[in-house]
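Protein chains in written order, with our numbering: chain H, 1 to 57; chain Y, 1001 to 1256; chain V, 2001 to 2222; chain D, 3001 to 3219.
Simulated from the structure, these hints should not be mistaken for lab results. Be aware that one or more of the hints could be misleading.
[To be verified] For lysine-lysine, the following DSS-like pairs were computed, each having C-alpha atoms within a straight-line distance of at most 30 Å:
1. V:Lys2027 - V:Lys2210
2. Y:Lys1178 - Y:Lys1120
3. V:Lys2210 - V:Lys2184
4. H:Lys34 - Y:Lys1120
5. V:Lys2027 - Y:Lys1158
6. Y:Lys1158 - V:Lys2210
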Amino acid sequence: MTHTFYIAMSYGIAALISLCLITWVWLDGRARAKELAELEASGIRRRSAPKPEGKEA
Amino acid sequence: MPQIAVLTKLTDLANPTRFLGLASRLLPWMAGITAILFAIGLYLSFAGEGDYQQGMTVRIMYVHVPAAWLSMMCYSVMAASAIGTLVWRHPLADVSHKAAAPLGAAFTLIALATGSLWGKPMWGTWWVWDARLTSVFVLFLMYLGLIALNRAMDDPGKAARVSAVLILVGFVNIPIIKFSVDWWNTLHQPASVIRMGGSTIDSTFLWPLLIMAFAFTMLFFTLHIAAMRNEIWRRRVSAQRRMAARMAGQTSEKGA
Amino acid sequence: MKHNESPQMRLTVEALSARRGEDLIFKDVSFTLSAGESLILTGRNGSGKSTLLRAVAGLLRPESGRVTWESDGAEPGTRASEACHYLGHRNAMKAELSVRENLEFWQNFVGDFAGGRGMTVTGAADAVGLSGITHLPFGYLSAGQQRRMAFAKLLVAWRPVWILDEPTAALDVSAESVFTALIKDHLGHDGIVLAATHQPLGLENAQELKMTGFAGVMESMW
Amino acid sequence: MIALLLRDLKLSVRAGGGALIGVLFFTTVVAVIPFGVGPDLNLLSRIGPAIVWIGALLSALLGLDRMFQTDREDGSLDLILMQEHPLALTVLVKCLAHWLGNGLPLVIASPLLGLFMNMDEVAIGATMLTLLVGTPALTFIGAVGAAVAVALPRGGLLVSILVLPLAIPVLIFGVSASYAAVQDPAPFMPPFLILVAITMFFAVLGPLGAALALRNAGD
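I would like the entire structure built from these sequences, with the hints used as guidance.
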């Protein structure tokens, strides 16, 4: 088999894994942001948001 | 309490809210830089000439070596975060090593797959128990173990602390594993194996390699920050849901 | 209480907060106990009594605040937990070993704290009213007997502070009175008792701390 | 501390025979190998030391997750954590007791299994010696996994997965030293001494890591 095949395969696999990773992180972020927005919409907000208090150590 | 005052300051410096603000400002820039670096790196790696010995397969090196480098750097980042978890008990450190583990596993997988694809034309077989491949494989198993451990525990704080201990024990062990695998390898396979990316790399290969390594590193940090942000959001969501449940419980108790 | 000749010892709890998972169970609990004093924690199930006791015993890292111990005999750096006996829900005895082996192990392993001496194993078994059966494997005892023997563990090695989590669980009334007498005796010997109970232990001078549970969700962090 | 050692030893003898199960598993694993590779005595004697070592490694991992779990279940672990003894020292003593109860029987059983594998006397002796030196390292490094298991709702298998990669150096040098004793050109002492060094290193690292994990796994 030609070397080109192996080169294409390695770049392909590397790209595939990287893209999966990027997509996963991106979709995960979108889902979490959506959940936060839903919670916000249902009237639950962070109590500490209006008055930012220093967390005790 | 001067001690507590100092701690409070430290927590303030990198509290999750501030981190989120920083992350949302940095992420577009980092993603952009990563994309540009990859464009340059990929162009250079395909424009360059092949090695007369290894032929065009030297191009596999441009993804293999950076991925292998990242697999180790990611573990070092996790070890540093683990110290942050255990010594300063910083919540961001917990988030950091939890978010890094899947990234490390993915880059290690890239290193393994490309190493294997490089091995086939070079050695005529998909897998050799070469010292480096073997060490990377062991590292991969350790990443998977850590991910499994994180998933197996319910309390995120406890999970972070326990996996931090394991990360550090593993970190101390990695040199020993590397040393023993090297030793074992020389014992069983006298140096007939072609060394991957030795120290004498021609400068025509060095530039694409360096830029690709830099691009992969930027990709890692971009993904790491994004994954940390996701994890913080996840915890924020769970805390708010919990609070909602408690508040509902309290009002219904009062009503009853 | 004979405060004039009692040794200087103090268990101080300052602004202790602890959480389980993400729930803040209690917040800013402070108290001080000196020789001969006792504190009873009351509250319904899940109100954080056990959590507070475990935090004082050093078994649960508090979210904030600290627990300190000062006494004549102890070195300055002594952790508070070293001055404490802890009797939790579980008896910390091995079913496979005989009662005597169990008690002797804890006597040797725990050792006496400065300023007192523990009883002999036989004496301790006598004190909880179960003298004849120390040769039996712990697993053969009934639940009430097991609890009594777990209590005897507090007697074989001296610790100024007793931390008792529901000590009278699984006990009948007569056993309860035995425990109350032993606790009073401990207080009379300048001990300190910190107990969580449903039932009143019948201690006259005990302070009481009512636990309410659930002080909020730890969400300021996120 | 002696009291703790004696108690754990008594327990390992009395409580359902953990040692016995370990040895039984060891025997079974080694006995199954010939069915897999065929009854070729030459082949068996060639791979014998490796098989015995792998069998010992797996059996050593078998009982490890219970090391602190039993103490946690009956509440003893709480009291152990409260004492003034340095926790790492306590863990070291528990490791020794665990090794005496579970590791040593494996070492003692290994010559018999060596005979099954048609190994010669020197190879059997070398394997036994390397097991004697190497199995404590497995216990020490396994203690970290056992301490992690305390925090897990369901420990068991995950602990073995976490510990096995860390045990690779022990396996490499143990097997190498066993082979070096039989095969001529390779010297016996270097891998053996490295094995000793690894065991001593793990004797420090394991208890420290386990103590750290136990302190952090509490709730």
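Hint check results:
| no. | hint | in the structure |
| --- | --- | --- |
| 1 | V:Lys2027 - V:Lys2210 | 13 Å, holds |
| 2 | Y:Lys1178 - Y:Lys1120 | 23 Å, holds |
| 3 | V:Lys2210 - V:Lys2184 | 21 Å, holds |
| 4 | H:Lys34 - Y:Lys1120 | 45 Å, violated |
| 5 | V:Lys2027 - Y:Lys1158 | 20 Å, holds |
| 6 | Y:Lys1158 - V:Lys2210 | 28 Å, holds |
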